[in-house]
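Chemist: Top line first, the protein sequences correspond to chains A and B. Numbering of the first sequence is given in my numbering, commencing with residue 788 and proceeding in unit increments. Numbering of the second sequence is given in my numbering, commencing with residue 788 and proceeding in unit increments.
Think of the hints as simulated: they come from the structure by calculation, not from any bench. Some hints could be false.
Pairs count within a copy or across copies, as identical chains cannot be separated in the list.
As a list, the in silico SDA-like pairs of lysine to any residue whose alpha-carbon atoms are at most 25 Å apart [said to hold, decoys possible]:
no., residue 1, residue 2
1, Lys984, Arg874
2, Lys1032, Ala982
3, Lys1032, Phe1013
4, Lys984, Ile870
5, Lys984, Arg1059
6, Lys1032, Ala1042
7, Lys1016, Glu867
Bear in mind that the values here come from a model prediction, so they are computed numbers and not experimental data.
2 protein chains.
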Amino acid sequence: MSSNGNTARVRVALDAMGGDYGPDVTVPGALAAVAAHPQLHVTLVGDQEAVDAELSRHGADIQALPIAIAPSEGKIEDDEHPISALRRKPRSSIVTAMNLLRAGEADMVVSVGSTGASMATATITLGLLEGLERPCIGGNFLGLAPNTTVVDLGSNVDARPSLLLSFAALGVVFARRRLQIENPRVALLSVGEEAAKGNRQVQESHSLFRDSHLNFVGNVEGMDFFTDKADVIVCDGFIGNILIKFAEGLGSALAPYLQHQLAEFLPEAQLRQIAGALWTSMNLPRTMGGPLFGVDGLVMVGHGSSTAEGIAGAINTGLLCHSIDLVEGFREELSELRHTGVLEA
Amino acid sequence: MSSNGNTARVRVALDAMGGDYGPDVTVPGALAAVAAHPQLHVTLVGDQEAVDAELSRHGADIQALPIAIAPSEGKIEDDEHPISALRRKPRSSIVTAMNLLRAGEADMVVSVGSTGASMATATITLGLLEGLERPCIGGNFLGLAPNTTVVDLGSNVDARPSLLLSFAALGVVFARRRLQIENPRVALLSVGEEAAKGNRQVQESHSLFRDSHLNFVGNVEGMDFFTDKADVIVCDGFIGNILIKFAEGLGSALAPYLQHQLAEFLPEAQLRQIAGALWTSMNLPRTMGGPLFGVDGLVMVGHGSSTAEGIAGAINTGLLCHSIDLVEGFREELSELRHTGVLEA
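Whenever a hint applies, use it, and build me the whole structure from the sequences.
Modeler: In structure tokens, the structure reads:
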């Protein structure tokens, strides 16, 4: 399905309606992305009129650009139940984009719409990779810990140990292929390093991880996102979601705090620049998006509040994930995990 | 047991052996505290020789100071199992200090030794407040969210909903008496605001909280430590422990990051000052300690790596908690919770 060469054309189906701002940011994001990446082709999937209007506003003539439009009808909102919404809105932008990917008319989907809807649509339309019960979200989410991959960043609560182990395997592939870490060290997030510490979920997962083929280094604690003790940190999606939002909230609180602390020392413009850099480093997913882990196709999701830069960033991350054939890596690692037999134990 | 006047003498039994540095920091911490607080009397509980040596090193004559020594033998280490260690070491510093409190010869215990040992010793020696199955750690742990009280910050994993509700009641007392919030808003930490979102523990707790006499405002998310949606945020100790250590690790990573970012703009001394203020704000428990919630007596615990300033800070926080009669407040609120009958439902 995918080709690895950096110069081959890569076709992105962009959910033009997704996110808080829809075409206002997705269209300029796409324009910036095709300007930056000569190999890129973007199909804007959205309400024809809204997309046309935004293209006109930018004076963009798509005949002269590697851009097409695939008309769709409406979008799935954040507050809709994903599964029922995608059945009720089979022509919505995210479903239409996912169908293009399944039909081989796109190499990836990029969306900053409802993450739940993206996951549900991807799972139903593309299917899951063999051996997996659920998809998840994973990646490096902290600018201050750029080499630490975390799974699950927020989709599956009360996950069983075998599911956590599958997610760990996907995290290893991400760390190896995307962050170029040769033999990623895997750890379980807990409240102490000793195997006996932790909640039931961690205690039950510990032996399963130890018996697996992964390079399991034991338990780590909350500070170890920053201590280089592990490359892949595995936690329940309930905790991953809380951590990612905690870091986001902290970043938003820190920026004004620092501006206040530094006000007497620095001119306003530099202050804003430093506070902005800090905010960005605490909010990586808003600026670069991340791939869904475990669905049978490359799907990039981003924060609903993404700006045009965030859209272009998510497309850029998608190109990187495509060039390293992330999904194929996932497939191979899950196959290896299945063949070790540890999941049946 | 306690007297509320600010001028009445307050007697602290200080675990002089506790923490990473023992008398090297506890003795100068005590000296600084008695110099700052005229009403304070400190009993240094520790190995006589080690305490004497450190007092000499500071040229301190305890005859002329509101300081006494209560000799003890050895200490409980971080890596010992708390319960068996306190039985094996009945004359250790933490057990001796706790006995002074139980005997009415001290108004509070302050320790930066093993938190597990402090909790176990306090539970066994002092007992728990009526209606409580376990003690916990709670308080405001983030300098950037100084009015947000969090329970449980790290002692009880896989807590049952009724235990979380009891902890919430204790958190409300802390918010009301210590942070002077009249009718504290209580929330459960989850992955979405909707009642149906969250893991089993949160979902099961939701109705119990809703039916209680507390001012329950529903679920909040990870960013809401900083958004003033709730005054008391309740989570399992597994998550509380991870969050407190995550913030600590982030603070440690941020300081050098900022120093690097600001290096071209600011002289070294100011850089260090700003990075230090930031670190402190991310590490409140290291600089001010916090009370155990739910034991029948006032016990302040602090971070093992506390310096002399941290010891003095923990004593200072202890004086504040004593002046507002925190433990009596806990007792009254638990009594009210029992009488609502919600825990039996």
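Chemist: Does each hint hold? Answer for all of them.
Modeler: Structure-based check of all given hints:
With identical chains, the CA atoms of Lys984 and Arg874 are at most 25 Å apart between copies only, with a shortest distance of 21 Å across copies and 44 Å within one. When the C-alpha separation of Lys1032 and Ala982 is checked against a cutoff of 25 Å, the pair qualifies only between copies, where the shortest distance is 18 Å, while the shortest distance within a copy is 28 Å. For the identical chains of this complex, Lys1032 and Phe1013 are neighbours both inside a copy (17 Å) and across copies (11 Å), given an alpha-carbon limit of 25 Å. Taking the closest pair of Cα atoms, Lys984 and Ile870 come within 25 Å of each other only across two copies (15 Å); inside a single copy the shortest separation is 37 Å, beyond that limit.
In this homomeric assembly, Lys984 and Arg1059 never come within 25 Å of each other (Cα to Cα): the closest approach is 43 Å inside a single copy and 36 Å across copies. Taking identical chains as interchangeable, the C-alpha atoms of Lys1032 and Ala1042 lie at most 25 Å apart whether they share a chain (16 Å) or sit on different chains (21 Å). For a Cα distance limit of 25 Å, the shortest separation of Lys1016 from Glu867 across copies, 23 Å, qualifies, whereas the shortest one inside one copy, 40 Å, does not.
In this structure, only the earlier hint numbered 5 is contradicted, and the remaining ones agree with it.
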